[in-house]
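The whole structure should be built from the sequences, with the hints applied where relevant.
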Amino acid sequence: MKWSNVKLILVREIRDQLRDRRTLFMIAVLPLVLYPLLGMSFFQVAQFMREHAIRVLVLGAPHSPDLPPLVQEDRFSNNLFADPFAAQLLHLTLRDLPADEGPRQDPLAEARREMREGNFEVVVYFPPNFVSQFERFHSALLHHGTPEGDSQASEAELQVPRIEIFPNLSKEASKAAHRRVAGVLDRWRDEIGQQNLKDTQLPPATAKPFEITTLDVAEEGQHKAAAWSKILPFVLLIWALTGAFYPAIDLCAGEKERGTLETLLSSPAERIEIVWGKLLTIMIFSMATATLNLASLAVTGSFILGQLPLMPEFGPPPGLAILWLLIALVPVSALFSALCLALAAFARSTKEGQYYLMPLVLVTMPLTILPMSPGVELSLGNSLIPVTGVVLLLRAMLEGNYLAALPFIPIVVAVTLCCCWLAIRWATNQFNNESVLFRESERWDVGLWVKHLLRDREATPSFGEAMFCGVLILLIKFFMSFSLDVGNLAVAAAVTQLVVIATPALLMTIMLTRSPAQTLLLRKPPLAAVAAAVLLAVALHPTVNVLQVIVNHVYPLDERLAEQLKGMTAGLDNMWVLFLVLAVMPAICEEVAFRGFILSGFRRMGHKWTAIVLSSIFFGASHALFQQSLIACLLGAVIAFLAIQTGSLLPGVLFHVVHNSLALFVGQLKPYLEDDQHWLHWLMRGASEEGQLYHWPVVIGSLLAAGAILSWFHRLPYARTAEESLQEAIEHQSARWMPS
Amino acid sequence: MIHVRQLTKHYADLKRGKVFALGGVSFDAMPGQIYGLLGPNGAGKTTVLRILSTVLRPSQGTATINGFDVVTQPSLVRHQIGFMSANTAVYDRMTAWEMVEYFGRLYGLADEPLRERMENLFTRLQMNEIRDVLGAKMSTGMKQKVSIARAIVHDPPVLIFDEATSGLDVLVARALLKTVSELRDNGKCIVFSTHIMREAEKLCDRIAIMHRGHILAEGTFGELCQRHDESDLEELFFSLIHEHDRTHEPDGSANPMASRAS
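So the protein lines, in turn, are chains Y and A.
When you line the first sequence up against our numbering, it's residues 8 to 747, in that order.
When you line the second sequence up against our numbering, it's residues 179 to 440, in that order.
The set of hints was computed from the structure by calculation and includes no laboratory data.
On a predicted model such as this, the values are computed, not experimentally measured, just so you know.
There could be a bad hint or two in this list.
[To be verified] Partial selection, computed: residues in chain A whose CB lies under 7 Å from chain Y:
id	residue
1	A190
2	G195
3	V197
4	S231
5	L234
6	T250
7	Q251
8	S253
9	F261
10	N265
11	A267
12	Y269
13	Y280
14	Y285
Glycine included, each C-beta is placed from N, C-alpha and C at the ideal position.
Here you go:
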């Protein structure tokens with residue numbers, strides 16, 4: 008790849024975009040106008056919201072000289088409001104109840120009827136005997152404990168009357184009305200309480216024996232930072248995505264439509280140079296859009312929010328926050344740009360390209376919203392989630408928790424880079440794929456398509472078929488996990504392996520490929536490779552054990568789940584059954600699916616390592632527990648490497664059997680470890696169940712051995728697919744000839 | 179210069195299965211020669227030329243240009259060729275000068291030689307008045323000139339023209355043909371595809387008549403006339419095509435675009 012060409016393409020694309028009015032409007036004009044407009048409409052709407060009157064039906068409002076006034080004319084009494092103006096917003100309709108001796112009508116039924124008809128937001132019901140009961144209580148109170156009165160007032164006399172409020176809490180307006188009316192009644196009750204205390208000559212503090220004062224220890228600026236730290240990352244991500252999407256569509260689908268893509272493809276620029284040139288252009292526009300939006304939002308926001316009485320602490324966002332945002336923008340834009348580029352390269356026309364925005368938003372939105380939900384904090388687990396990790400890290404930085412955020416920076420950067428790499432790979436692949444570049448619309452028919460798949464099958468599955476198989480396995484597994492309620496682990500594991508994993512892969516192999524043997528790598532491997540695979544499994548076991556301990560420490564297993572798992576394995580004592588179900592069967596079924604059908608399909612891309620990484624991600628995802636998935640992902644990559652280097656499934660199967668058996672049976676060694684003199688102590692610690700099994704020198708030594716075995720595998724002359732040979736030739740072409 | 183051997187290209191089609199766009203095409207083109215591919219629409223001319231320009235990959239067979247393989251050395255091949263087709267448009271938001279300069283730089287020309295070359299080209303192709311006109315504002319003839327300038331800015335030994343005159347009025351087409359024959363006189367190896375008999379007859383040193391992914395006949399105009407005892411290229415063309423259709427698909431009902439895989 009020549010960077011001078013990348014730069015050339017980049018400069019051209021930028022100039023091209025800047026000459027396009029639509030792009031200029033999206034990145035420059037829209038943000039400058041949008042937020043002031045939004046701010047204006049916010050003020051307008053806020054005005055509406057404040058003046059919205061609430062209709063309240065009051066049934067049997069009490070009138071008694073002994074009670075402080077609750078209702079004056081058709082309003083609640085002014086002194087029951089902190090803001091006297093608020094009294095006007097509660098419109099009361101007073102309805103008297105029939106004489107208290109009459110048949111008691113059902114207040115709930117009446118409230119329901121009135122609410123259903125939409126006449127009121129809330130109904131307040133005072134029982135007919137409210138005043139009389141209050142007076143009885145009041146006089147009992149006055150005589151309570153005094154010599155002339157009954158020293159023990161009866162229970163009935165001390166019973167307080169009850170007011171009933173009927174809101175419809177499923178409606179926002181009614182919920183707000185309920186809150187306000189309840190507040191008014193609360194204040195009225197307090198007033199009566201104070202009056203009662205006065206009447207019984209008790210000090211007012213009797214009912215409130217202590218005061219509560221809340222003192223916020225947040226330092227100045229922290230509120231501001233916290234508030235901004237929630238808004239800004241969200242805005243940043245949304246606009247980074249939008250700013251990437253439209254230029255991407257124009258640069259790929261648009262070029263196809265205008266016929267200039269073929270001009271560029273027949274020029275000496277390499278596909279990878281075209282991808283990088285376009286990618287960097289999209290990135291620059293994504294970052295520019297996000298930056299301008301941020302700037303406009305920050306300026307408008309600090310003007311408007313500063314004026315609101317509710318949020319006096321709001322001001323312009325802290326300067327350092329802007330710096331962190333700009334730094335975080337780079338990887339986020341890179342990721343979004345690469346994703347948009349790949350999607351846009353796939354689209355035939357700009358119109359088709361627009362259709363892909365929604366799925367893209369649907370995938371990225373939850374990742375952006377997740378960090379805003381309460382309780383989601385920066386942790387190792389969260390930092391591993393793409394996009395979410397960036398947002399959480401950003402939030403921590405904005406809030407000034409630098410020390411807490413520091414350890415997560417490398418993880419977030421690594422995850423984001425990995426995602427970027429995969430997305431760029433995908434985009435490059437799209438540009439290398441002539442069926443994507445010269446896709447023509449044709450009549451699509453399910454029947455014809457299925458017939459075509461069965462009729463025109465090739466020796467090994469296509470990339471798409473492998474992808475479909477992987478997704479299918481994950482889907483079946485997901486739905487099986489709900490329906491398969493088997494207490495017995497052995498049966499559950501066997502059914503999962505056979506039905507969920509092996510069957511789809513085998514069926515697809517038979518139906519969609521011409522050469523099952525080539526697809527499933529059914530070939531006799533060199534004997535040395537078989538031995539090396541077994542040795543490798545043994546050599547890697549201590550390292551895997553250490554990794555498992557680390558993973559379990561970082562992502563502790565839910566206790567209830569752990570109990571459940573223990574319960575499932577408890578009944579299994581037969582070693583042979585365990586060996587068969589948890590070591591042999593997974594080794595065969597999973598290898599057939601993940602290193603057979605799926606890996607063969609992914610290798611059709613022509614990139615060995617991308618195929619290995621993708622197949623191992625599917626392998627990891629097919630494990631039920633996240634803790635297992637992480638380790639499985641790593642081991643999946645090792646086994647896929649073995650499968651490719653030896654051209655056979657067998658070494659991988661043996662590796663898998665040995666690895667699973669070791670994991671299963673190493674627990675059986677515990678009795679021997681109790682004997683202090685046993686030779687096993689040279690290798691293992693007699694530590695607790697969860698802890699590390701091996702001594703550190705053993706771990707390091709075995710890891711070195713594993714490295715040596717892997718490098719032996721690396722040196723094997725492996726059988727390349729036609730696509731892999733071609734890619735290698737293309738990658739080496741310039742090495743053989745340097746243009747003058 | 180260009181050696182094409184048994185070039186095959188097939189696509190998967192939902193309805194018809196494996197569809198052959200090219201069914202084993204072989205030919206050689208030499209420097210100082212215009213090699214014409216003459217055939218009706220859908221004969222496979224564009225597919226051959228797209229493979230030669232490395233935009234498509236052949237299913238089987240080989241093609242080398244100036245010693246470089248189109249499959250394994252695509253980037254080196256692209257340095258050797260100038261490719262112009264009805265599908266290679268000019269950029270709407272770029273001026274003529276910018277567009278040619280951009281491709282000149284992509285071909286790795288240094289500033290000064292590039293500027294000299296461009297001045298020369300713009301004068302030769304009479305493009306000086308459209309120097310600063312944006313692609314979107316150009317007429318079809320202007321666009322065609324820009325495309326030619328773009329294809330030959332790096333002075334490649336091989337030029338590929340795919341239906342280059344389609345959609346042009348007679349004046350522009352004539353000027354283009356003149357440019358092409360001048361390029362041949364400068365020693366370029368040129369492949370020129372067309373469905374217009376007159377163009378092939380007038381311009382090409384060798385002609386290959388293509389139909390349904392096959393070359394039916396190949397040679398100089400004189401050789402072809404002699405071999406098939408026909409002095410008129412158009413008559414020759416139709417008789418060859420009818421002969422092919424008669425022997426290959428007796429019912430004549432199949433899609434003219436392609437033949438089914440066996």
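Verification of the supplied hints:
| no. | hint | verdict |
| --- | --- | --- |
| 1 | A190 | 5 Å, holds |
| 2 | G195 | 5 Å, holds |
| 3 | V197 | 10 Å, violated |
| 4 | S231 | 4 Å, holds |
| 5 | L234 | 5 Å, holds |
| 6 | T250 | 4 Å, holds |
| 7 | Q251 | 4 Å, holds |
| 8 | S253 | 5 Å, holds |
| 9 | F261 | 4 Å, holds |
| 10 | N265 | 5 Å, holds |
| 11 | A267 | 3 Å, holds |
| 12 | Y269 | 5 Å, holds |
| 13 | Y280 | 5 Å, holds |
| 14 | Y285 | 6 Å, holds |
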